[in-house]
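Given chain S, put chain E in place with the hints provided.
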Amino acid sequence: MSIAAHTLIAQQHGDAAGPHLNGINALFGAGSLLAPTVHRTLSPTLAAVSPLASYWVIAAAASLAALPFLGAMRRSAVITGRGPSQAQGGQPARWGRAQLLVIGAAMALVACSVGAENCFGTWLFAYAAQAPGLGQGCAATAVSLFWGAFTAGRLLAIPASARLPPATILLATLPLAVLGPAVALLAPSRPLALFAAAVAAGLGISTGFANSVSLLGRFVPADSRVQAAVQLAATAGSMTFPPAVALIAQRGLLGMEAFLWVAAACAALDFLLVLLLVRAGARLLRGGVV
Amino acid sequence: MLKYYAAFLVFGCAVNTLGPMLPSLAQHVGLTPVQMAPLLTAKGLGGLAGSFLCPLLPLSALMPGGLLAIAASFATIPAVHSLLQLALVYSFAAAVYQAVCRSLSKAHWLRAHSPPR
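Line by line, the protein sequences are chains S and E. Be aware that the first sequence starts at 0, since it is given in numbering that gives the first Met the number 0, and climbs by one per residue. Be aware that the second sequence starts at 0, since it is given in numbering that gives the first Met the number 0, and climbs by one per residue.
Because the hints were derived from the structure by calculation, they are not lab data. In this text, a Cβ means the ideal position worked out from N, Cα and C, and glycines have one as well. Some hints here could point you the wrong way.
Said to hold, decoys possible - Quick list of simulated restraints, FRET-style, between CB atoms:
hint	chain 1	residue 1	chain 2	residue 2	range
1	S	L41	E	H80	16 to 24 Å
2	E	A78	S	Q249	22 to 30 Å
3	S	L271	E	Q34	31 to 39 Å
4	E	H80	S	L271	19 to 27 Å
5	S	A192	E	L83	23 to 31 Å
6	S	G70	E	Q34	25 to 33 Å
7	S	R282	E	L1	25 to 33 Å
8	E	Q34	S	A161	41 to 49 Å
9	E	Q26	S	R217	43 to 51 Å
As the list claims (entries may be wrong) - These stretches of chain S come out as covered by chain E in the derived footprint (C-beta under 8 Å, 3 or more residues):
hint	segment
10	49 to 61
11	229 to 241
12	269 to 282
Just chain S, with the same shape it has in the complex:
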């Protein structure tokens, strides 16, 4: 949906699309901030109807948001073309070992980045809601702070990416994604520590996905196979790390704070993977394979 909207806006506004694209991303962040607030505000009011009635409110909002698009629907081209690799004619070139190393490192980078983001997004509320000294109000604030910092980080990365290479942005921000969980682990049950951890983690994680893809694009052409590989890695990250937190907690190895350890480990691994990717990419370019 995100890509759909970005493409349609870019088509409609051409060179003037920039402010609108920044605007819709900011609104996505505002929606993320609203999610815990909607739940906290509506749950007591609608509890008599259903404890999950806030889903109906979001469903109604989605239906209303669809109406203007339904009005603007018109016949448009059905996608019938071939994929990017095939459209270039002939069989796509096979990846060599150096390219496989670069793409593999980038896939691991994307998987860990998305994994850290999903661990925080999924488990922060549940962890804080049941932690002694915190509670549901504190949990909702922490989640809002996390997504607020995440959105701010993405907005700040836009001008930064015009001046700095993606590897620099990643290496500068990823330590925050390790520091945040560390603060929360060192000072459990302290609301201020949790809030600081949420802000640091949100800022640190926010640059991961976009800059990982951008970094990969410096070394290999972003054809359909590379896009599919990145998407596969992102899905794998979102599919494995959050359930892994539940598995660790179920086994009794750690409590629900396992998500902080997993997120910090993902960010630390990402830092090393950026260094590996830069090194492998430079070797690939020197070899003239691409």
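Chain E alone, transformed into the frame defined by chain S:
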């Protein structure tokens, strides 16, 4: 442009509501939050299936279709009472979301690389 701003406000709220709702969802189906791991895996699997079973959709139907699919799947959630049903709903929503993303990504590439007319 206002419709895009409104749509993205809803996307943000819908996409990131699972975390805050997880304890309530777990209570609803009689489990603890950490026992909800299959829901997270099913959501990921749905997304994976959607991205690979990318349908051939008309561009103008993507935004309203995706929003209405999210609305329909979310509206059913309070009525479901098992982890399996929840997993099916969330994996369906994720599959639709990813299918839309892949369709547009492909359309965008074809448009950018088509010869000038």
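Here is how each hint holds up against the structure:
Here the CB-CB span from L41 (chain S) to H80 (chain E) is close to 20 Å, well matched to the stated 16 to 24 Å. Our hint of 22 to 30 Å for A78 (chain E) and Q249 (chain S) holds, since their Cβ atoms are close to 28 Å apart. A hinted range of 31 to 39 Å holds for the C-beta pair L271 (chain S) and Q34 (chain E), which are about 33 Å apart. Remark: the range hint 19 to 27 Å for H80 (chain E) to L271 (chain S) is contradicted by a beta-carbon distance near 45 Å.
Taking the beta carbon of each, A192 (chain S) and L83 (chain E) are about 38 Å apart, not inside 23 to 31 Å as hinted. At roughly 44 Å, the beta carbons of G70 (chain S) and Q34 (chain E) sit outside the given window of 25 to 33 Å. In this structure the hint that R282 (chain S) and L1 (chain E) lie 25 to 33 Å apart at CB is violated, the actual value being about 49 Å. Taken as a hint, the range 41 to 49 Å holds for the pair Q34 (chain E) and A161 (chain S), whose Cβ atoms sit roughly 46 Å apart.
A C-beta distance of roughly 47 Å is found between Q26 (chain E) and R217 (chain S), which places it inside the suggested range of 43 to 51 Å. With a cut-off of 8 Å between beta carbons, the segment 49 to 61 of chain S has 12 residues touching chain E; three or more are needed, and the interface restraint holds. Using a Cβ-Cβ cut-off of 8 Å, 8 residues of the segment 229 to 241 of chain S lie near chain E, which meets the minimum of three, so the contact claim holds. Counting residues of the segment 269 to 282 of chain S whose beta carbon lies closer than 8 Å to any beta carbon of chain E gives 0, which falls short of the minimum of three for the stated coverage.
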